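Enquirer: Position chain E against the provided structure of chain C, taking the given hints into account.
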Amino acid sequence: MNDYENMSDEQLVQLSLKDQDCFYYLMKRYDIKILRYIKRLTTVSQEKAEDIIQEVFIKVYRNLNGFNRKLKFSSWIYQIAHNEIINQYRKTKLRLATIPLNIEDQANLIDSISDTIEINGAYENLENAEKVRNALAELPDKYREILILRYLEDKSYDEISDILRKPPGTVATQINRAKVSFKKIAGRHQLNTGIVK
Amino acid sequence: MADISKNILQKIKKDEVRPYPKQYFLLKRSVIWTVFGLSILFGSIAGAIAMFQLRYAEWDLYKHLSHRPLEFALLVIPFFWLIFLLGFTGFALYNFRHTEQGYRYRTLWVILGSIALSVIGGGILYATGLSERLETAFEHNVPFYRDLQERKQRVCMSPGHGLLAGKIVKIISEQKIQIEDLQGNIWVIDIGDTIWKGRLIPAKNLKIKIIGEMKGQNRFVANEIRPWRGCRGQDRNRYLRHENKR
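Those sequence lines, one after another, are chains C and E. Number 78 in our numbering belongs to position 78 of the first sequence; there are no gaps in the numbering. Number 131 in our numbering belongs to position 131 of the second sequence; there are no gaps in the numbering.
Next comes chain E alone, as it looks inside the complex:
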């Protein structure tokens, strides 16, 4: 048998094959670890916003809606951000697998580890209040996301079950206001004995959610009025000021 190694060495010399420099491998490893880190960071952001939405989801509205528990859960659970979290977890898994020793770990452990890192990172972002600011930024700047959130909020239209949502179009008196609901219908709301949650001040164009009782054609008695986006901690007042100015 011919000396294969000798022939290959000759080819290496003839073709002037050279080893790739160390820096090439260093750069490759750095890129993989950086992308892995970014995947965890973006996963953390998604996790933080999901936590924020879950924390302030108005679970108590369930009894006012005609939806079954599963449907209601589907509406309240922040799938948008959970899908993002899973997507970035997948991306992190892919990159981790391409690190030098990444293949040695079972897929399940890598996935759980990535999710755990994202949840810890998300918890930190949530605790600093950044998750709320990020969500607000998304709502203001990403039309698709704003539409998605509004579509979800439209389920609040269930006047027969005591839930109504819309925008104040007129303050008739201290006892009555007029609103335009999310479907464009005009309602007169009796607010004589109403609890205004979140220190809301009635104002034209203010978007609100009303819990109460329907009293005939386009008449509603409000027991409780909540801010449109729910009571969401410190940012709520900033949001209300913004709404009141409009």
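Pulled out of the complex, with its shape left as it was, chain C reads as follows:
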């Protein structure tokens, strides 16, 4: 009997091409992550998010033979999810999230980027939490997505480069700009911030 749990993604891709049922194990590894990614980036309902993830996995399945082994499978599936969100956005004028993150995600994001941006007492009280939420909502979509990938999805620069199909140098630049942009917006919301070397 196959021990699917110990197999690499690439091995599961090969098996899925021969046996559809193996694709289940591949999807199982990513369904929660991709669903969470969709919900972090959009304001869609659970039902709509499930429709999107269905499209994502069907596209992944159709394109299994085109999977580029030079990429990590996880980067490839995130890339397809990113493209599908953009497609849905264009097709249905789906709104990308203006208030995208729940309180826990916001706190995590602030914690994660606090190595370079210090927000003093940001989450000490509800008033500050609201200000952080508003500041994040004002970030341009491209900056919000890149911060989510880096700090909430824990992706490396190279992985983000593969997901967004942008040069790694551009990814690094955009992350820095996103932080600077966040700091400016936070300043407007009278959050006490400072850049930490």
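To be clear, the hints were calculated from the coordinates, so they are not data collected in a lab. None of these values were measured; they are calculated from a predicted model.
Selected chain C positions facing chain E (Cβ under 8 Å, derived; list incomplete):
id, residue
1, 24
2, 35
3, 50
4, 57
5, 63
6, 168
Using C-beta positions, here's what the derived DEER-type ranges look like:
id, chain 1, residue 1, chain 2, residue 2, range
7, C, 177, E, 129, 44 to 54 Å
8, C, 90, E, 161, 57 to 67 Å
9, E, 38, C, 18, 31 to 41 Å
Quick list of in silico lysine-lysine cross-link-like pairs, DSSO-like style, CA-CA up to 27 Å:
id, chain 1, residue 1, chain 2, residue 2
10, E, 14, C, 48
11, C, 28, E, 6
12, C, 18, E, 14
13, C, 48, E, 11
14, E, 14, C, 28
15, E, 22, C, 72
16, C, 166, E, 22
17, E, 11, C, 91
Heads up, the beta-carbon is just placed ideally off N, CA and C, and yes, glycines get one too.
Expert: Frame of chain C; chain E shown alone:
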């Protein structure tokens, strides 16, 4: 929460979704790389003709023209082909971006790389003499291009500054010829002390450029006479023979 993956697998089975075959991806990649290669090839052709035109541009005519340096540069620089080169570079960039790893490279480097490839390719075409043949073919077969080149050549009409261009309509004597300039005016040209560049032989209907001095109403003393298209290496003689036959 329902098992989403299970539901999706059921849908895949119900709808009989199948992975696209390997050949589909192979074909897609091949088409992208082929179009990229063709973009570089066409860019090379444009680059080669641009090099050819720049090499044989008659920069020394500047002093005979009433144009300012910038205007003269605009006339001499082969924008037509440089625009083509940039267009094909853009096309190459677009296709390179659609290759599997093409997005990993900065736009500037891809553009510079494509231009460098086109320039190298253009240099090879230029060295083999193909660029000249291609340009001649364009002039003979593409009316728009011929008109464009002729319009550019019309700037050679600056008799007050010692530059005249037109077609020989009559050989009056060994000392004098008659030409019809590009605006249809008839001139008598004194060729007694003239240098004929490019081993030109005076003949009726031969199109020429004349450098000299205006000596009154429709009279011009020629110091130097050049072929209409400039001295352009090996093809020049073929061109002159063609012109002399007409």
